[in-house]
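Could you put together the complete structure from these sequences and hints?
Number of protein chains: 2
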Amino acid sequence: MSKEKQFVTEITPQGEDFSRWYIDVIKKAELMDYSPVRGCIVFRPEGFEIWEYMKDELDRMFKETGHRNAYFPMFIPESFFQKEKEHVEGFNPELPWVTEAGGEKLEERLAIRPTSETIIGHMYSKWIQSYRDLPLLINQWANVVRWEKRTLPFLRTTEFLWQEGHTAHETEEEARQETNQMLQIYTEFAENFLAIPVIVGQKTPSEKFAGAVDTYSIEAMMKDGRAVQAGTSHYLGTNFAVAFDIKFLDRENTQQFAHTTSWGVSTRLLGALIMVHGDDRGLALPPKVAPTQVIMIPIGPPKTREQVVGRVDELYAELKKSGIRVKVDDRSDVSPGWKFNEYEMRGVPLRLELGPRDMENGQVVLVSRISGEKRVVAQADLTAEVERMLAEIQADMFERAKQFRADHSHSVETLDEMKAMMEEKRGFVLAGWCGSDACERQVKEETGATSRNIPYQPAEKKTKCLVCEEKAAHTVVFARAY
Amino acid sequence: MSKEKQFVTEITPQGEDFSRWYIDVIKKAELMDYSPVRGCIVFRPEGFEIWEYMKDELDRMFKETGHRNAYFPMFIPESFFQKEKEHVEGFNPELPWVTEAGGEKLEERLAIRPTSETIIGHMYSKWIQSYRDLPLLINQWANVVRWEKRTLPFLRTTEFLWQEGHTAHETEEEARQETNQMLQIYTEFAENFLAIPVIVGQKTPSEKFAGAVDTYSIEAMMKDGRAVQAGTSHYLGTNFAVAFDIKFLDRENTQQFAHTTSWGVSTRLLGALIMVHGDDRGLALPPKVAPTQVIMIPIGPPKTREQVVGRVDELYAELKKSGIRVKVDDRSDVSPGWKFNEYEMRGVPLRLELGPRDMENGQVVLVSRISGEKRVVAQADLTAEVERMLAEIQADMFERAKQFRADHSHSVETLDEMKAMMEEKRGFVLAGWCGSDACERQVKEETGATSRNIPYQPAEKKTKCLVCEEKAAHTVVFARAY
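Each protein sequence line maps, in turn, to chains X and E.
For the first sequence, counting from 1, position 172 maps to 172 in this note's numbering; every step adds exactly one.
For the second sequence, counting from 1, position 427 maps to 427 in this note's numbering; every step adds exactly one.
For the record, the hints were derived by calculation from the structure and aren't laboratory data.
Take the hints with a grain of salt, since some may be wrong.
The list makes no distinction among identical chains, and a pair is therefore deemed to hold if it is satisfied within one copy or across any two copies.
Stated by the list, open to error - List time: in silico EDC-like cross-link candidates among lysine to aspartate or glutamate, alpha-carbon distance up to 20 Å:
hint: 1; residue 1: Lys-63; residue 2: Glu-52
hint: 2; residue 1: Lys-105; residue 2: Glu-78
hint: 3; residue 1: Lys-303; residue 2: Glu-392
hint: 4; residue 1: Lys-425; residue 2: Asp-17
hint: 5; residue 1: Lys-223; residue 2: Glu-399
hint: 6; residue 1: Lys-126; residue 2: Glu-46
Shown next, in the form of structure tokens:
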């Protein structure tokens with residue numbers, strides 16, 4: 001213990017500079033690194049593993065609801081983008097172009113997909129002939145590229161990973177049901193798996209997906225009060241079906257255009273996860289996505305060390321066998337205190353300490369990363385106690401995030417009130433809106449906040465537009481957003 | 001049953017035209033479709049699901065041996081390729097280039113990765129400082145692009161999916177152990193999971209990976225006698241470490257270059273799987289990768305139909321509960337015979353038939369796709385019997401593929417003998433080789449066959465070079481290859 005390392009957090013406090021806190025944490029916890037390519041990051045194993053748990057869970061939910069995975073080319077011929085007018089306007093400025101390949105200039109430039117409605121629409125028009133071919137329920141896990149001006153690790157990167165669901169249906173009703181079902185799946189996933197409470201609602205027309213009839217989203221609040229759009233689900237109507245000729249013979253033997261949907265979540269969820277749960281000590285990971293759920297640390301003087309480590313290894317084997325993601329840190333050149341800080345910084349939800357006195361008493365000490373609560377439990381009940389405490393931590397993290405959101409949600413009647421609010425306080429603002437683009441734009445210009453969505457279940461129903469004071473058509477959540 | 005559909009296989013017999021057979025099968029079984037992008041295919045759900053099983057199994061094997069997944073950008077700055085001379089020469093002709101993005105011409109062109117040694121090498125040089133950082137064991141699942149002149153679905157496509165492992169080690173010995181370990185994993189995977197027997201060995205220098213010191217491969221024989229390289233593992237020496245400055249302080253506190261490896265398998269395994277097991281009736285899928293392992297077909301006249309279908313549904317629930325991938329086809333507008341053909345064409349390994357007489361006797365009929373063997377088993381033992389028969393089919397398919405390979409493996413002493421052999425018969429040719437590029441080239445020019453590898457365990461040891469008749473340095477397997 002003589003060469004004891006000094007633990008230095010090197011983490012900027014959230015209150016001092018939230019952006020620096022974020023970068024400090026993700027670098028120090030080795031979730032990512034910058035790459036030599038503009039706006040692209042490397043997902044390091046510790047960060048990528050979190051994404052793998054997300055992926056597995058979503059994939060399971062998609063398959064349970066009848067979707068199957070497929071894979072489409074990432075190259076999209078330039079002419080494809082021209083077919084849906086809003087779509088090309090929305091995405092054209094962000095496309096990277098392959099113009100040469102195999103030593104030759106290409107006849108037609110190829111975009112790298114920013115999303116795949118166009119190429120999938122093209123294929124669907126070949127596969128769908130009859131109502132018997134519907135619904136067609138396909139998902140794709142893929143990398144996509146958007147050449148963004150400003151980037152931020154995980155939250156907005158040039159290349160990112162995502163899933164994009166693309167479905168085709170006989171009727172508008174069915175397609176709308178699908179759109180809604182996937183929004184529900186995203187909500188459950190965010191709340192139950194990531195412990196992130198979300199506001200579920202519809203995007204205003206100016207914020208909807210390029211080419212959609214209606215876009216729905218789930219919106220999460222970060223610890224600096226800003227919003228992250230954590231998932232979207234689009235009802236595309238027959239827009240892409242008309243553009244790509246996705247037609248089918250219906251039950252009355254007449255040609256119809258299919259109604260399509262698309263929906264996606266991406267690796268930006270990693271950014272949201274960190275910004276919702278992290279604190280000045282570093283990362284805090286909900287047990288369901290933590291690469292290490294339990295860190296075991298042997299404690300006590302050198303003379304009892306061998307015995308303690310031996311017992312730790314036995315308990316490790318027991319937890320491991322039950323499918324708990326557990327690790328032992330039995331290094332002797334760093335102190336237990338240093339390790340406590342290190343694994344708190346890395347967000348490991350539960351710490352297990354075992355010292356000579358615990359040995360005598362047949363117990364261990366469990367400590368929650370999020371609340372600091374210590375619990376002394378019998379070794380005989382270890383697996384059950386660990387599972388119970390992990391479940392409690394998961395629930396605790398969700399409740400804390402909900403409380404934080406409640407504490408930073410405000411309600412206003414007028415734009416002036418909102419401006420004052422945005423200057424004094426962080427968070428979400430609930431307000432009435434008449435439905436006009438002009439009023440929405442004015443809010444953005446004067447406050448920097450955008451409409452996040454029109455919640456299905458607003459805390460209260462607003463009656464007047466905050467800008468023009470006309471009758472409110474909707475109650476909207478506004479916030480500055482990532 | 002009056003509107004009975006006629007089953008039309010539309011599959012060209014293998015003996016008539018193997019290439020057409022292949023395309024017929026993969027199109028008709030809906031494994032893939034051509035895309036509007038040159039050389040790129042769409043992996044349809046039925047094909048992609050097979051890849052998902054492969055991926056899950058390999059991923060499990062990689063993790064068991066201490067590897068973790070990460071994700072690196074798919075864009076590689078042009079200057080990176082210049083750093084390893086052989087690498088750039090090998091891959092430059094096949095690169096696609098992004099030259100414009102976000103509405104501007106890029107200052108430096110970006111290649112789309114054909115493989116990621118360069119960008120990963122760059123990151124490793126940042127992450128590796130000390131021997132304590134080693135070994136670094138990372139794998140990536142990704143899409144890669146090679147602008148090939150001639151393409152063939154699954155086996156050689158412009159964009160394809162793969163995994164690429166990249167590891168760094170303290171010593172040559174350790175790196176070589178890793179290279180060998182991964183080759184062993186690929187071998188086990190091919191033989192035990194895909195039921196594809198492979199020849200394990202080292203590539204000749206002219207066939208090795210661009211930038212490797214040594215390349216090792218597993219080679220499989222297709223039903224037309226041609227070879228598919230089913231996986232490769234490379235010992236890269238310090239070539240990439242020198243090019244990208246991957247250095248570490250060793251245990252004696254001196255700077256050393258790391259020894260690196262890389263290894264990969266790709267979606268070309270789907271092509272191999274189909275060409276190894278398929279026959280004139282269509283696909284034949286080993287149970288371990290079959291999206292549907294058991295197809296249940298109710299049989300008998302309309303009057304008993306409801307009762308039979310009811311019982312089929314009960315048995316379905318039982319099999320499903322045990323984790324068997326099972327489906328029921330109870331359509332009444334197509335005959336059982338039509339269904340038999342349909343699911344044989346789709347390669348479903350096991351068919352379950354249930355008719356009124358089976359109901360009376362409390363039994364079902366199980367039929368193997370691969371051997372046609374029929375087995376009458378008691379409904380009471382159904383799950384166990386199905387599991388047993390699936391395991392037997394898996395083993396049977398491996399044995400058949402081994403027998404086929406044995407029947408089409410030849411041994412020659414001279415080039416003339418080999419030429420005669422290649423004209424008369426399909427298959428692999430075992431021959432001695434002096435080790436000179438010239439002799440190897442002559443074999444290729446005169447027979448169209450390339451050296452596949454130098455097997456670890458050749459059927460016999462050759463003493464003379466088949467071309468120059470000098471002393472053989474190696475015994476080599478030659479074959480025409482995909």
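Verification of the hints:
no. : hint                 : result
1   : Lys-63 with Glu-52   : both (16 Å within a copy, 13 Å between copies)
2   : Lys-105 with Glu-78  : both (14 Å within a copy, 17 Å between copies)
3   : Lys-303 with Glu-392 : neither (36 Å within a copy, 57 Å between copies)
4   : Lys-425 with Asp-17  : within (15 Å within a copy, 74 Å between copies)
5   : Lys-223 with Glu-399 : within (14 Å within a copy, 60 Å between copies)
6   : Lys-126 with Glu-46  : between (42 Å within a copy, 16 Å between copies)
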